[in-house]
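Listed in order, the protein sequences are those of chains A and B.
Mind the numbering: the first sequence is residues 1 to 490 in the UniProt record's numbering, read in order.
Mind the numbering: the second sequence is residues 1 to 437 in the UniProt record's numbering, read in order.
The hints are simulated quantities; they were obtained by calculation from the structure and are not laboratory data.
This one's a predicted model, so the numbers in the text were calculated from it and none came from an experiment.
We put the beta carbon where it would ideally sit given N, CA and C, even for glycine.
There may be inaccurate statements among the hints.
[Claimed, not checked] Distance condition first, Cα-Cα at most 27 angstroms in a straight line; then the derived DSSO-like pairs of lysine-lysine:
#	chain 1	residue 1	chain 2	residue 2
1	A	Lys355	B	Lys54
2	B	Lys292	A	Lys361
3	B	Lys282	B	Lys340
4	A	Lys390	B	Lys54
5	A	Lys93	A	Lys31
6	B	Lys71	B	Lys83
7	A	Lys224	A	Lys110
8	B	Lys292	A	Lys390
9	A	Lys34	A	Lys63
10	B	Lys23	B	Lys71
11	B	Lys71	A	Lys69
12	A	Lys224	A	Lys305
13	A	Lys238	A	Lys305
14	A	Lys224	A	Lys34
[To be verified] The calculated label-pair distances, taken between Cβ atoms and stated as ranges, are:
#	chain 1	residue 1	chain 2	residue 2	range
15	B	Glu31	A	Asp254	49 to 57 angstroms
16	B	Arg63	A	Arg366	37 to 45 angstroms
17	A	Lys390	B	Lys282	40 to 48 angstroms
18	B	Lys282	A	Lys34	56 to 64 angstroms
19	B	Ala14	A	Asn72	25 to 33 angstroms
20	A	Ser37	B	Ala21	48 to 56 angstroms
21	B	Asp57	A	Asp82	47 to 55 angstroms
22	B	His129	A	Arg366	53 to 61 angstroms
23	B	Glu38	A	Asp85	35 to 43 angstroms
24	B	Val50	A	Arg168	42 to 50 angstroms
25	B	Gly322	A	Asn187	47 to 55 angstroms
26	A	Lys390	B	Arg49	23 to 31 angstroms
27	A	Ala156	B	Leu61	54 to 62 angstroms
28	B	Phe388	A	Phe397	21 to 29 angstroms
The lines below spell out each chain.
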Amino acid sequence: MPAVQETIDQVRLIDVDQYKYGFETDVEMEKAPKGLSEDVIRFISAKKGEPEWMLEWRLGAYKRWLTLKEPNWARVSYDKIDYNDMYYYAGPKNFPSPKSLDEVDPEILKTYEKLGIPLREQEILAGVEPKNRVAVDAVFDSVSVATTFKAELAKAGVIFMPISEAIREYPDLVRQYLGTVVPVTDNFFATLNSAVFTDGSFVYIPPGVRCPMELSTYFRINEKNTGQFERTLIIADKGSYVSYLEGCTAPMRDENQLHAAVVELIALDDAEIKYSTVQNWYPGDSEGRGGIYNFVTKRGDCRGKNSIITWTQVETGSAITWKYPSCILRGDGSRGEFYSIAVSNGMQQVDSGTKMLHLGKNTTSRIISKGIAAGRSENTYRGLVSAHRKASNARNFTNCDSLLIGNQCGAHTVPYIESKNATAVFEHEATTSKISEDQLFYCQQRGLSAEEATALIVNGFVKDVLQHLPMEFAVEAQKLISISLEGSVG
Amino acid sequence: MAQLTLMRTPTETALVQAFDAAKATLPGDVESRAKAFEIFNRNGLPHRRVEEFKYTDLRALMREIAPFAVKPSASDAAAALAKTTAFAGTEALDVPFVNGHFVRDAVKFDALPEGVEIVPLAEALASGHEWLARLSPVAWAKDNPVYQLNSSFMADGVMLRIVGAVETPIHLRFMTGSETAVATATRILILVEDGASVTLLESHEGTNGAAHQPNDVVELIAGDRTNVHHVRLNREGDQTLALSTLALKLGGDAYFNSINVVAGSSISRHQVFAMLNGENSKAQINGVSMIKGGQHADSTLIVEHAAPHCESRELFKTVIDGEATGVFQGKIIVPHHAQKTDGRMMSAALLLSEGGTMNNKPELEIFADDVQCAHGATCGQLDDDLLFYLMARGLPRMEAERLLVQAFLGEAIEFVDNEAARDGLIAIAEDWLKARV
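Excised from the complex, chain B in its bound form:
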């Protein structure tokens, strides 16, 4: 095949320049960054001819690169954090980030809940912390260009270690407060040791009107008999292009429950790479996207059942209004030895307007013969019969629609275990629906 890849778009050229300029100032080992960037640069930004990015053509969508954000001053950080909206109650341990940089002063290191350790990533990278060896646990992520970009540019983040049962939820609060567009690259490494349990909340917010480009990666290594609940909320600014990745490596006899809720950003792509590495584990991975106008929301998922006797459930709900585009690409992989796997993947989309688009691609890749795997995908508008039923009982049409959509989204949200977080998500869904009228 002819090598046509040498052609660079202006964005790709800008990325090369940005990396050359930044690599010396970024913390930690330059070598490994350069390696990650070189792998990325070989193929450049993924485009529609790259199967995994068929429906989210980053080469076309990223017309320019915003300058990478610098660490904000203490007062700027405090001002930005004051602007974030509350989510999920006040009980949580607050771990805030402004413009992609960890706000160290906001965390009382001497009063952390028992079983929680926090190490700022920038310092860890600079000093070569021992936990760094556990970064990048999932092969699927390493092959991914968005992940490679994060590996090249990651400027800050935290490493968390959880031992035993931690009752207090941990809230990773991201705020991009800059008035002009900035790019950020954060990396979170969470080590949940054998037998531990924890609830992780993640919220991402940003200023409206600026085309921010956050790229954040959460890597979660959960050991045997762990119990992890994870809630991620995208409430980015209305011009934001948000790329995010969750890489999970799950041990045996463990339970993992995650939801990603998209209620913001102009373009978003959330990728989940989950590897079920020990027997008898269960993973519930859900997603809810509420999009309108010209928004584009992509949920991409790979679940590899690398051990036998595991169960995975994936439930993704997308509500599309205006000319928005929803994308779901899911893949369950069952290798030869993963017998008795039970995997079920479902993607359902509601098109509320004439101009919306939904692209579904639920894949199965199965090599073991004694397994149960199923996938389903539906796409359509609200059921006329149900609408009629509600309207016949005196509800105005808008109200009836709202109720039905809420019930539709609720099916995915109800898996959230933390009550405050669940209520918060339901309220966000209600607000989104009210704003339609």
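This is chain A alone, in the form it adopts within the complex:
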């Protein structure tokens, strides 16, 4: 069945030429020398005032990176990236570490105002009920410009700060966990990130603490010809809970800019991490000029027993997306979830999905992925579910649907399902028809058609997940959720 008009209109609303965040901010910037070399890495490390071990770590990664080849297995094509033709560090001038918002360049503050990101605590307090408060870490090119609610979070024992600051203030904690989920040698882009990462967030939730508010980081690429290499590390200690959100935008330009981030999540016994992303990097124009190359490595490690990691992503931006938020289900009874809505338009190319690696006993995972391709875009779901020998009673349910609007685009599904344990039960579904018969029956008995019932159940299910997003982030997502499920092609 072809897509219905309502869906087409809604996708049109987020088409590439409707990009709202494409403005530039004029701030005086300080940059590292162009290109990549040991000197540039030393420059970045010095800028961040890092200890010696961190510099060594970076240089080790750089040496390793020189021996690696760019991966080419993803279903995306782009001109070769010249890694020596960009800046690896760009920060606002005279701005080593702002003590308060008053020291921050007003131009930058205006930028965040325009983007609708609240950086002033009192404003947030005035407008919104306390339970909806969000602490924000704002990263502008290579530097974190402001982090809100730090003091209040500290009262609860929660550490939430830019990672460059954490390296100075909590070196032991960072050293203990950094690179343990995504090793330095993991892949080409992760290794590059390890060598040159500039900023990002560091979160530590102490045992038994439920983080009192949502944490979020807002990434903004502003400067021309730079790459953004952020690194986020979130540790949820035993029995703790945190919900973390990430948003990103960039100006409209004809050039392609590289964004190679690494996100590491660690959940210890009984801890829960919810990581949500609304990815809205500049996708390039309708002819495919410009846009961000989003080559991101995101991985969560359910290290403790009964730990939970949930990835929720709404992907609408970037010229090219290469992103597979994954869960290593190491702890017995741990759970991994992945909910994704990826919309591609114009000339965008998306190759995204997840990996669920079942290592422990009684581990469960669930994958719900919806890809919507329009224009001349390519949308690929690529996922791996694997059960190792010892993963007794592992359970996975995967459902990935795709929808095509027009016949100039493509939707592809590349799932890998590998089971080495007889008691593991894996199900991969590509249609919406196999929802619980009971629920369907219940709805149909009340007069809904099968399609309406299906849409209701699936929509209700996805909505339930997205309700965990705070208002600011949910707006974009809500638009996409209302997209009808009719015409899915599996």
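Dock chain B against the given chain A, drawing on the hints supplied.
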């Protein structure tokens, strides 16, 4: 990227030597063989870094190359054929092969059923028969290294032409009777002309204890309004590494039904490259693998809906016991113009033991917006509830398991239209299950 491909494994070097030694004696045009071999040789044997061979690493699995089989004497051929087990009744027209070579004397050319023509491939290659122009109809196959190896080494086979409705099934009976390991490369070209219908049975057997390496290719060009049923049975010897390919080009308003049953060989890989080339056609492609011990069975499938309004159904069932490994890689491709395509692919695997492994990779590649495509994959053990139900009714556990597995496999086997063949396959599944106890 650095050229690391110059490194050759001993097996690859042996293949180059084997080709150099054999090319002069093989029938037909040396040029085209050399070309096929050169393409193969550029990349060598596929390994786990080659996506299509990710789960079946031929570089690691083919440690050596068995010598290519020579044409057996008439008495050897007769002795080998006497050892084959009956399959699918006696009604069929018997077209036997021993050690990869067509046993010409076993076929009465003057008494062929109406509408059937048979041309021995070795002769056709030597004389440049006109049908040869129709070889290699499917592009996906040509890019495949296993197919390229067959194109380089093919020594014999037959070309069949079917006109009109042929009632008698045709049984292509392959027997590798040699006591020492041999490699074979056979090629079958089947031309089913417009409006024709036929049932093709293929059985592959071999001696146990010898590491035979058969590589056979069946190319089937079925025209418009054709109706083709195809049953393939792998009952190769227990040390055999069996590679096989089915390349299909299907016309419009046609029906094609195929099943591949793996009940033998140590390592097997069956590849299907199907191209639905005319509108309103339907293809049903099934597979059943029953593996145990250290067996490895790979089912690889590409179905390209090259025309609109076609329907394809793929159903693959794998039962894994011992430390065996099952692989399913399926891909449905729907290009821009193939609107109203309806494709459904399903792979289900049962792991009966602790040590088994199943790798599933069901892919979709869709460029048309008004289509219905779905795929599913499941993997798990027998349902405890069902077992309990049967055991509560007094069946011993083993018996209950047997019944459930049989029902599981039956779902794929029941599509076989020919009754004798279907019964034969069910009996093979039963025997396999009985042998578990």
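How the hints compare with the structure:
For the hint linking lysine 355 of chain A to lysine 54 of chain B, the alpha-carbon distance of about 17 angstroms falls within 27 angstroms, and the restraint holds. Restraint check for lysine 292 of chain B and lysine 361 of chain A: satisfied, since their Cα atoms lie roughly 25 angstroms apart, inside the 27 angstroms limit. Pair hint lysine 282 of chain B plus lysine 340 of chain B holds up; C-alpha atoms about 13 angstroms apart against a cutoff of 27 angstroms. Between the alpha carbons of lysine 390 of chain A and lysine 54 of chain B the distance comes to roughly 23 angstroms, so the proposed pair stays at or under 27 angstroms and holds.
As the CA atoms of lysine 93 of chain A and lysine 31 of chain A are separated by approximately 9 angstroms, the hinted pair is consistent with the 27 angstroms bound. For the suggested pair lysine 71 of chain B and lysine 83 of chain B, the alpha carbons sit about 18 angstroms apart, so the restraint of at most 27 angstroms is met. Restraint check for lysine 224 of chain A and lysine 110 of chain A: the C-alpha separation of about 19 angstroms stays at or below 27 angstroms, so the hint holds. Taking the CA atoms of lysine 292 of chain B and lysine 390 of chain A, the gap is about 20 angstroms. The hint holds against a cut of 27 angstroms.
Using a Cα cut-off of 27 angstroms, the hinted pair lysine 34 of chain A and lysine 63 of chain A holds, with the two alpha carbons roughly 18 angstroms apart. Restraint check for lysine 23 of chain B and lysine 71 of chain B: satisfied, since their Cα atoms lie roughly 16 angstroms apart, inside the 27 angstroms limit. Our distance criterion of 27 angstroms between C-alpha atoms is broken by lysine 71 of chain B and lysine 69 of chain A, whose separation comes to about 49 angstroms. A threshold of 27 angstroms between alpha carbons decides the hint, and for lysine 224 of chain A with lysine 305 of chain A the separation of about 45 angstroms lies outside it, so the pair is violated.
Note on lysine 238 of chain A and lysine 305 of chain A: the hinted pairing holds, with a Cα-Cα distance of about 9 angstroms set against a maximum of 27 angstroms. The hinted pair formed by lysine 224 of chain A and lysine 34 of chain A meets the criterion: a straight-line CA distance of about 12 angstroms does not exceed 27 angstroms. Between glutamate 31 of chain B and aspartate 254 of chain A the CB atoms are about 50 angstroms apart, so this pair conforms to the stated range of 49 to 57 angstroms. A hinted range of 37 to 45 angstroms holds for the C-beta pair arginine 63 of chain B and arginine 366 of chain A, which are about 42 angstroms apart.
A hinted range of 40 to 48 angstroms for the beta carbons of lysine 390 of chain A and lysine 282 of chain B is consistent with their spacing of about 44 angstroms. The hint said 56 to 64 angstroms for the Cβ distance between lysine 282 of chain B and lysine 34 of chain A, and at roughly 60 angstroms that hint holds. Restraint check, alanine 14 of chain B to asparagine 72 of chain A: a C-beta distance of roughly 31 angstroms satisfies the suggested window 25 to 33 angstroms. For the pair serine 37 of chain A and alanine 21 of chain B, the supplied restraint of 48 to 56 angstroms holds, since their beta-carbon distance comes to about 54 angstroms.
At roughly 35 angstroms, the beta carbons of aspartate 57 of chain B and aspartate 82 of chain A sit outside the given window of 47 to 55 angstroms. Remark: the range hint 53 to 61 angstroms for histidine 129 of chain B to arginine 366 of chain A is upheld by a beta-carbon distance near 58 angstroms. Glutamate 38 of chain B and aspartate 85 of chain A have their C-beta atoms about 39 angstroms apart, which keeps the hinted 35 to 43 angstroms range intact. For valine 50 of chain B paired with arginine 168 of chain A, a C-beta distance near 47 angstroms keeps the hint of 42 to 50 angstroms intact.
Checked against the hint of 47 to 55 angstroms, the C-beta distance between glycine 322 of chain B and asparagine 187 of chain A comes to roughly 35 angstroms, which is inconsistent with it. At roughly 27 angstroms, the beta-carbon separation of lysine 390 of chain A and arginine 49 of chain B lies within the given 23 to 31 angstroms, and the hint holds. Taken as a hint, the range 54 to 62 angstroms holds for the pair alanine 156 of chain A and leucine 61 of chain B, whose Cβ atoms sit roughly 57 angstroms apart. In this structure, phenylalanine 388 of chain B and phenylalanine 397 of chain A meet the distance hint of 21 to 29 angstroms, their C-beta atoms being roughly 23 angstroms apart.
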